[in-house]
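Trainee: Each chain, letter by letter, is given below.
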Amino acid sequence: AQKVTQAQTEISVVEKEDVTLDCVYETRDTTYYLFWYKQPPSGELVFLIRRNSFDEQNEISGRYSWNFQKSTSSFNFTITASQVVDSAVYFCALSEAGYGGATNKLIFGTGTLLAVQP
Amino acid sequence: KAGVTQTPRYLIKTRGQQVTLSCSPISGHRSVSWYQQTPGQGLQFLFEYFSETQRNKGNFPGRFSGRQFSNSRSEMNVSTLELGDSALYLCASSEGFQDSNQPQHFGDGTRLSIL
Numbered sequence: 007a008q009k010v011t012q013a014q015t016e017i018s019v020v021e022k023e024d025v026t027l028d029c030v031y032e033t034r035d036t037t038y039y040l041f042w043y044k045q046p047p048s049g050e051l052v053f054l055i056r057r058n059s060f061d062e063q064n065e066i067s068g069r070y071s072w073n074f075q076k077s078t079s080s081f082n083f084t085i086t087a088s089q090v091v092d093s094a095v096y097f098c099a100l101s102e103a104g105y106g107g108a109t110n111k112l113i114f115g116t117g118t119l120l121a122v123q124p
Numbered sequence: 279k280a281g282v283t284q285t286p287r288y289l290i291k292t293r294g295q296q297v298t299l300s301c302s303p304i305s306g307h308r309s310v311s312w313y314q315q316t317p318g319q320g321l322q323f324l325f326e327y328f329s330e331t332q333r334n335k336g337n338f339p340g341r342f343s344g345r346q347f348s349n350s351r352s353e354m355n356v357s358t359l360e361l362g363d364s365a366l367y368l369c370a371s372s373e374g375f376q377d378s379n380q381p382q383h384f385g386d387g388t389r390l391s392i393l
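Line by line, the protein sequences are chains A and B. 7 is the number of the first residue of the first sequence in the working numbering; add one for each residue after it. 279 is the number of the first residue of the second sequence in the working numbering; add one for each residue after it.
Source of the hints: derived by calculation from the structure; they are not laboratory data. Among the clues, some could well be false.
Said to hold, decoys possible - Below, simulated SDA-like cross-link-like pairs (lysine to any residue); rule was C-alpha separation at most 25 Å, straight line:
hint, chain 1, residue 1, chain 2, residue 2
1, B, K291, B, R308
2, A, K44, A, N73
3, B, K291, B, Q319
4, A, K9, B, Q380
5, A, K76, A, R34
6, A, K9, B, H383
7, B, K335, A, V52
8, A, K76, A, K22
9, A, K22, A, N82
10, A, K44, B, P317
11, A, K76, A, Q89
12, A, K9, B, F338
13, A, K44, B, D386
14, A, K9, B, G306
15, A, K9, B, S391
16, A, K44, B, N349
17, A, K44, B, G318
18, A, K44, B, G374
19, A, K9, A, V95
20, B, K335, A, F114
21, B, K335, A, E32
22, A, K9, B, R333
23, A, K44, B, R293
24, A, K44, B, K291
25, A, K44, B, A280
26, A, K9, A, F60
27, A, K44, B, S391
28, A, K44, A, V122
29, A, K9, B, T283
30, A, K22, A, F60
31, A, K44, A, D61
32, A, K9, B, G320
33, A, K9, B, Q315
34, A, K44, B, G336
35, A, K9, B, A280
36, A, K76, B, G306
37, A, K44, B, R308
38, B, K291, B, T331
Model the full assembly from the supplied sequences, consistent with the hints where possible.
Mentor: In structure tokens, the structure reads:
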């Protein structure tokens, strides 16, 4: 079964604190893709990162970093030195390759609401 | 490049009516997917289209339908609206599928309210 679990419903931090958002996934496919999206109050889902199942290298982009561990089926997201503008709902998502990679269907977690207080 | 454009942004309907939502993908993108977002069920996949063909469908009743035109623009239709159809409907587009190494980009959504 395909499933994405974001156990943290809400997180509140003070500006400049580091925060990690957890994501655990379930899939039977050997080829799959993992994503993080940010949803500000305006509603649009903003793409942050995509990883495929064969690339376990961690990635850093400015204050953002991602830790992908197949052994624990986790794809965690860390924001370093958080800022008020980081306040949003963050979604982790899974896409399975399907037949020849011919699908874009995303299975989303329930999201984590991050509130960064000044 | 312009982003994914969804129209209208807001819509109010009453039970029993039908509604059509529109999505214009990013220029050059041939794949369009639709999602429903509600507080109770979260983000759920509705269907996806590529080159005017429905490639995949989520677990929604037949009242939900869609189509894609030759210019890649897509519409989704919901007939016999129910209160539970109140949601944010999001459209996403990409050049191809996951193996093309292109992520999906989402529009701002259409917020549908059923009275």
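Trainee: Please go over all the hints and tell whether each is borne out by the structure.
Mentor: Structure-based check of each hint:
1. Restraint check: the Cα-Cα separation between B:K291 and B:R308 comes to about 30 Å, which exceeds 25 Å; the hinted pair is violated.
2. A C-alpha spacing of about 17 Å is found between A:K44 and A:N73, which places the hinted pair at or below 25 Å, so the restraint holds.
3. Among the hinted pairs, B:K291 with B:Q319 is consistent with the structure: their alpha-carbon atoms are about 21 Å apart, no more than 25 Å.
4. For the given pair, A:K9 sits about 22 Å from B:Q380 by alpha-carbon distance, which is consistent with the 25 Å threshold.
5. Restraint check for A:K76 and A:R34: the C-alpha separation of about 12 Å stays at or below 25 Å, so the hint holds.
6. A threshold of 25 Å between alpha carbons decides the hint, and for A:K9 with B:H383 the separation of about 22 Å falls inside it, so the pair holds.
7. With a C-alpha separation of about 23 Å, the suggested pairing of B:K335 with A:V52 holds against the 25 Å cut-off.
8. Distance restraint check for A:K76 and A:K22: the Cα-Cα separation of roughly 30 Å exceeds the 25 Å cut-off, and the hinted pair is therefore not satisfied.
9. The straight-line distance between the Cα atoms of A:K22 and A:N82 is roughly 19 Å, inside the 25 Å bound, and the hint therefore holds.
10. Restraint check for A:K44 and B:P317: satisfied, since their Cα atoms lie roughly 16 Å apart, inside the 25 Å limit.
11. Note on A:K76 and A:Q89: the hinted pairing is violated, with a Cα-Cα distance of about 30 Å set against a maximum of 25 Å.
12. Taking the CA atoms of A:K9 and B:F338, the gap is about 18 Å. The hint holds against a cut of 25 Å.
13. With a CA separation close to 12 Å, the supplied pair A:K44 and B:D386 stays within the 25 Å bound.
14. The suggested pairing of A:K9 with B:G306 is violated, with an alpha-carbon distance near 31 Å, which exceeds 25 Å.
15. Only pairs whose Cα atoms come within 25 Å are accepted, and A:K9 paired with B:S391 is rejected, the gap being roughly 29 Å.
16. Proposed proximity of A:K44 and B:N349 is contradicted: the alpha carbons are some 29 Å apart, above 25 Å.
17. Between A:K44 and B:G318, the direct Cα distance comes to roughly 19 Å. Compliance with the 25 Å bound is thereby established for this hinted pair.
18. For a cut-off of 25 Å, the pair hint linking A:K44 to B:G374 stands: about 22 Å separates their Cα positions.
19. Between the alpha carbons of A:K9 and A:V95 the distance comes to roughly 19 Å, so the proposed pair stays at or under 25 Å and holds.
20. Pair hint B:K335 plus A:F114 holds up; C-alpha atoms about 16 Å apart against a cutoff of 25 Å.
21. Distance restraint check for B:K335 and A:E32: the Cα-Cα separation of roughly 20 Å lies within the 25 Å cut-off, and the hinted pair is therefore satisfied.
22. A threshold of 25 Å between alpha carbons decides the hint, and for A:K9 with B:R333 the separation of about 21 Å falls inside it, so the pair holds.
23. This hinted pair does not check out: A:K44 and B:R293 have alpha carbons roughly 32 Å apart, beyond 25 Å.
24. Straight-line distance between C-alpha atoms of A:K44 and B:K291 comes to about 29 Å, which puts the hinted pair past the 25 Å bound.
25. For a cut-off of 25 Å, the pair hint linking A:K44 to B:A280 stands: about 19 Å separates their Cα positions.
26. For the proposed pair A:K9 and A:F60, the alpha carbon gap of about 19 Å is at most 25 Å, so the pair holds.
27. Straight-line distance between C-alpha atoms of A:K44 and B:S391 comes to about 24 Å, which keeps the hinted pair within the 25 Å bound.
28. Of the pairs offered as hints, the one joining A:K44 and A:V122 holds, with about 14 Å between alpha carbons and a cut-off of 25 Å not exceeded.
29. For a cut-off of 25 Å, the pair hint linking A:K9 to B:T283 is broken: about 29 Å separates their Cα positions.
30. About 33 Å separates the Cα atoms of A:K22 and A:F60, which puts this hinted pair outside 25 Å; it is violated.
31. Between A:K44 and A:D61, the direct Cα distance comes to roughly 22 Å. Compliance with the 25 Å bound is thereby established for this hinted pair.
32. Only pairs whose Cα atoms come within 25 Å are accepted, and A:K9 paired with B:G320 is accepted, the gap being roughly 13 Å.
33. A threshold of 25 Å between alpha carbons decides the hint, and for A:K9 with B:Q315 the separation of about 17 Å falls inside it, so the pair holds.
34. Between the alpha carbons of A:K44 and B:G336 the distance comes to roughly 23 Å, so the proposed pair stays at or under 25 Å and holds.
35. The suggested pairing of A:K9 with B:A280 is violated, with an alpha-carbon distance near 33 Å, which exceeds 25 Å.
36. This hinted pair does not check out: A:K76 and B:G306 have alpha carbons roughly 34 Å apart, beyond 25 Å.
37. As the CA atoms of A:K44 and B:R308 are separated by approximately 24 Å, the hinted pair is consistent with the 25 Å bound.
38. With a C-alpha separation of about 29 Å, the suggested pairing of B:K291 with B:T331 is violated against the 25 Å cut-off.
The structure does not agree with the numbered hints 1, 8, 11, 14, 15, 16, 23, 24, 29, 30, 35, 36 and 38 stated previously, though it agrees with the rest.
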